[in-house]
Amino acid sequence: MDEEEVFYLILSLIVIFIAFGTLQTFGSPWSAIAALLSLIAVAFILIINWADFLVFPLFTKTFGITFQPAKDYIITKKQDSILKNVSGLYYATGFVTANLFPYIFKEEQQDESQEEKLVEAPQKWERAVMTLSFPFKFHLMSVASDVQKVRDELEAKRGLQEFQLNREMQSQKQSEIAVTDIRRKINVIQARIDRISSGEKPISSLMYIETTAVGISEKSAIDNLASQIKELQVAFSSLDVQLNRVIGRELYTLFMFNFSMPTTVNELVSQFSKEG
Amino acid sequence: MNAKLLVMLGFLAVSLVFLLVAVTIPLSVLPGYLKIVLLIVSLVFDVMAFSSRYYSYLIIPMLQQRGKNVVLSNEQPYWLSATEDAIIKKDKTGYTATVYINIPLYKSATDMTDEERLEFSRQVSRLAGISREPIRFTTQMYMMNKDSYIQSIRDAISAAENEEAELMQKDADQNSLEIVKGKLSMWRNVLESVSKISSLELSTYATLSATGIKEYEAIAVAQQKAREAMSGIGSVLGVTPSIITGKDMLRFVEPEYLIPFSTISQEMTEKVEEEVI
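Same order as they appear, the protein sequences are chains C and Z. First residue of the first sequence? That's 449 in this note's numbering, and the numbers climb one at a time after it. First residue of the second sequence? That's 16 in this note's numbering, and the numbers climb one at a time after it.
It is worth saying that the hints were derived from the structure and are not from the lab. Among the clues, some could well be false.
Stated by the list, open to error - Stretches of chain Z that chain C covers, calculated by requiring three or more beta carbons in the stretch to come under 8 Å of a beta carbon on chain C:
| no. | region |
| --- | --- |
| 1 | 142 to 153 |
| 2 | 167 to 181 |
| 3 | 245 to 258 |
What the hints assert, rightly or not - Beyond 10 Å from chain C on every Cβ pair, some chain Z residues (computed):
| no. | residue |
| --- | --- |
| 4 | I51 |
| 5 | F65 |
| 6 | K104 |
| 7 | K262 |
What the hints assert, rightly or not - Only pairs whose alpha carbons sit at most 27 Å apart, straight line, appear in this in silico DSS-like list of lysine-lysine:
| no. | chain 1 | residue 1 | chain 2 | residue 2 |
| --- | --- | --- | --- | --- |
| 8 | C | K605 | Z | K104 |
| 9 | C | K519 | Z | K196 |
| 10 | C | K509 | Z | K83 |
| 11 | Z | K229 | C | K532 |
| 12 | C | K526 | Z | K229 |
| 13 | C | K532 | Z | K286 |
| 14 | C | K526 | Z | K211 |
| 15 | Z | K211 | C | K525 |
| 16 | C | K519 | Z | K286 |
| 17 | Z | K286 | C | K678 |
| 18 | Z | K104 | C | K525 |
| 19 | Z | K286 | C | K667 |
In this text, all values refer to a predicted model and were calculated from it rather than measured experimentally. Don't be surprised by glycine CBs; every beta carbon is placed ideally from N, CA and C.
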C-alpha cells in the first residue's frame, strides 16, 4: 500500500466514520438503513481500491458508456478495446500484459536452469512469432533503477525478515512452516542483493503486447481482436509469461503511450499498480 | 496543488456538506427518509472522491457531458514535427516529443549455436538497462504495404477492360480481342494471388519521450536522449541504430498504417468471394 493509497483511503473513510458515529440522528428505523448504506459504501471503496479494473468496466457496460480518448478513436463500453473507423473499415486494438517478472524473480535461482532458459528463449520467441499471422507489437518498457537505492531497500527488507525470524525462533509456539517461509524470503532477497553486487543492474520493466484487428463492422473487428488475443496467449504461453487482457483505465494509459511515453520513473510507476 | 487532488478534495467537501446537513438538522424538520436520501448523495460523492485517485481524467467529463459517449478529447492525439523526426503531443504543462529509433536486427535463433543464443539473451537483458529514463523497446509485426502495387494492378485491369470494350465496339478481329482478354485474365490472376495472403514484416525499434515548455525544446531534448540511447543500443547489440523519420513513424502509431487499407480490403474481398463461391 503506497502513501497516496493510504491518503485517499483515510480521507474517504472519514466521511463514512462520521456517518457511523451519527447514526442515531437518523431516527428509527432509518438508522439501520443508514448503517447498511455506509457499509455498502465501505465495500465499494475497498473493491475500487483492489479491483477497479472489474468495477469500472462493469459500470460502463451496464450504462453503455463509451469514451473518446482522441479524435477518431473510441474506447468500447467493455473497456477492453479501442476502435478506429477509417473509410468504413473498423480497426480494433487491444492489449495483453506479458510481464516476464515472475519468470525472473519467482525463481531467484542462480543455477543452471536459469542459463538453460536464456538459451531457449530466442528459439521460443521465434517459434511463437512464426505461428502468428496477424500484426502485433511486443513492448518492453524499461528503466534502470538507482543501484544504491535498490540495494538499501533490499537490505532494509532483509533486516525486517531477519528480525521476524528471530522473533519466531524465540517464540514458545514456534511454527516450522512460518520459519521456513521467512527463510525462503530471506534467501530470495539475498539472491537479489548478490545479483546487484555481481554487477547486474536493477531494472524496473513493464511488458505488454498490443494487437490490432480489422473488420467491416465494429462487432466483427472486436470479435477478430478477441480471437487474435487468444492466439497470442497460446503462442506466448511457452515463454512462461503472465498473459492477461488489459481492461479498464490501463487500456487508456497504454493507448496514450503510443503518442507519448512517461518521461520519469515515478510517472511510469504511478500508472500501474494492480492489474499487470 | 495538482488537479487530481483538487478533484478529490472537491468531491469530499460536497460529500461532507450533504452528510452534515443530514445529521445536524433535527428529525422534526427533516424526516428520516429525506436524511437517507442526503446520506446516499453524500456516500456517492465520497465514493467518487476515492475513485478520482484513478479516474480523475474521466469523472469531470462524465459529469459535464452526462451522455453515453464521453468525449475526453476531440483533437488529434499528436502531430508530426516540422523536422519530421518526432511526433508532438501538447498537454496542459507543455509539449512532449516522442522519437522512434530503428534497431536493425537481422538475426535468427535457428542459425545460432547455444552459446550465441545465450549471448543474444544476455545482450537483450543488458539492452533493457541502458537508460535511466523510461525507454520502450518494441518488436512489431506489421502487414506489408501493398496498397500502391494493388492500385497499379487495378489500374492495369481497368485499362485492359477499356481496351476490350473499345475493340468490341469496333468489331475488331478475334486475334487482338483474345490478346486483350489474355492480358485481362493475367492481371486478375496477379491481383488474386497478391491479395490471397498477407505478407508480414518484422521490425524492432525503441521509443522515448521528452518534455519541454516549447515544441522545439521538447524535440531537442528528445533528440539528445535518442542519441544517447542509440550509442547504448549500438554498443550492446553491435548494430547501427537510426532515427526514424517521416511517414515511416506512422506505422508505429496508426492502425491503418499497421494494416494498410487497400491491402486488407482487397484481402477481405477475396476472402468473402471465396466463402460465397
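Hints, verified against the model:
{"no.": "1", "hint": "142 to 153", "in the structure": "holds (count 11)"}
{"no.": "2", "hint": "167 to 181", "in the structure": "violated (count 0)"}
{"no.": "3", "hint": "245 to 258", "in the structure": "violated (count 0)"}
{"no.": "4", "hint": "I51", "in the structure": "6 Å, violated"}
{"no.": "5", "hint": "F65", "in the structure": "4 Å, violated"}
{"no.": "6", "hint": "K104", "in the structure": "4 Å, violated"}
{"no.": "7", "hint": "K262", "in the structure": "15 Å, holds"}
{"no.": "8", "hint": "C:K605 - Z:K104", "in the structure": "40 Å, violated"}
{"no.": "9", "hint": "C:K519 - Z:K196", "in the structure": "47 Å, violated"}
{"no.": "10", "hint": "C:K509 - Z:K83", "in the structure": "11 Å, holds"}
{"no.": "11", "hint": "Z:K229 - C:K532", "in the structure": "30 Å, violated"}
{"no.": "12", "hint": "C:K526 - Z:K229", "in the structure": "38 Å, violated"}
{"no.": "13", "hint": "C:K532 - Z:K286", "in the structure": "22 Å, holds"}
{"no.": "14", "hint": "C:K526 - Z:K211", "in the structure": "33 Å, violated"}
{"no.": "15", "hint": "Z:K211 - C:K525", "in the structure": "34 Å, violated"}
{"no.": "16", "hint": "C:K519 - Z:K286", "in the structure": "31 Å, violated"}
{"no.": "17", "hint": "Z:K286 - C:K678", "in the structure": "22 Å, holds"}
{"no.": "18", "hint": "Z:K104 - C:K525", "in the structure": "26 Å, holds"}
{"no.": "19", "hint": "Z:K286 - C:K667", "in the structure": "18 Å, holds"}
Of the hints listed earlier, those the structure fails to meet are numbers 2, 3, 4, 5, 6, 8, 9, 11, 12, 14, 15 and 16, in rising order.
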